Each structure stands twice: as C-alpha cells, then as structure tokens.
Amino acid sequence: MPGTVSYNVRYEPQLHGKKLTEAKVQSLLRMADLDTALSSKPVNDLSIGQAQRVTLARTLANDLEVRTHSRISISSPSSMTPPHQSPH
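Residue numbering for the sequence shown follows full-length UniProt numbering, beginning at 1 and increasing consecutively.
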C-alpha cells in the first residue's frame, strides 16, 4: 500500500466524496488497535500486523456509521495453530 497510514484510511471515503477529519482518522486507528502516532508513517514501513490493522481501519472508514468505544482484537497468526503444529 503506497502512502501514509492517514492517506490509506481516507482513500476510499474520498473516492465517494466524503472527507474524514483527523479526529475520525485517529478514532478509526484506535478502533483497529493501531498507535495513532503512526498516522504520518508510510504504510510500507510498518510491520505486517500493523499494515493489516491499517487495512482494517480503512475498511471501517467505508462505513462511517460504525460507532464503538471497543477495540477490535487481532490475534497473531500462530494463535490459531493447532498445538501439535505450534512453533513454540
């Protein structure tokens, strides 16, 4: 994903003529459990997990009616690995 975290979150709504305020972008990042300090960072500089959270925030931005104060928890991929295949 090219561009900054903030750019990516705003991208889809902007295509539909909607502008997200910085406060809305920050709220979406928090909902996706992403540090808001990363909003000006290039997405390509993030970890894979952080980039996935940007994608989640971007998806949430498409439905601006979503309102919650809860965080969405994203588990590590190995948390779904059967015990006999666990890397630990």
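Check before you lean on any hint, since a few could be wrong.
Label pairs and their in silico Cβ distance ranges [said to hold, decoys possible]:
(1) G49 / K19: 17 to 23 Å
(2) P2 / D33: 30 to 36 Å
(3) D63 / M1: 15 to 21 Å
(4) I48 / H16: 25 to 31 Å
(5) D33 / N62: 17 to 23 Å
(6) E22 / D63: 24 to 30 Å
(7) T55 / K18: 24 to 30 Å
Think of the hints as simulated: they come from the structure by calculation, not from any bench.
All values reported here derive from a predicted model rather than from experimental measurement.
Cβ atoms here follow ideal geometry from the backbone N, Cα and C, with glycine treated the same way.
Hint by hint, here is what the structure shows:
Here the CB-CB span from G49 to K19 is close to 28 Å, at odds with the stated 17 to 23 Å. For the hinted restraint 30 to 36 Å between P2 and D33, the CB-CB distance of approximately 23 Å leaves it violated. Hint check: D63 to M1, Cβ distance near 20 Å, so the stated range 15 to 21 Å holds. For the pair I48 and H16, the supplied restraint of 25 to 31 Å holds, since their beta-carbon distance comes to about 28 Å.
Remark: the range hint 17 to 23 Å for D33 to N62 is upheld by a beta-carbon distance near 18 Å. The beta-carbon spacing between E22 and D63, approximately 19 Å, falls outside the hinted interval of 24 to 30 Å. T55 and K18 have their C-beta atoms about 18 Å apart, which leaves the hinted 24 to 30 Å range violated.
Hint check: violations occur at hints 1, 2, 6, 7; the rest are consistent with the structure.
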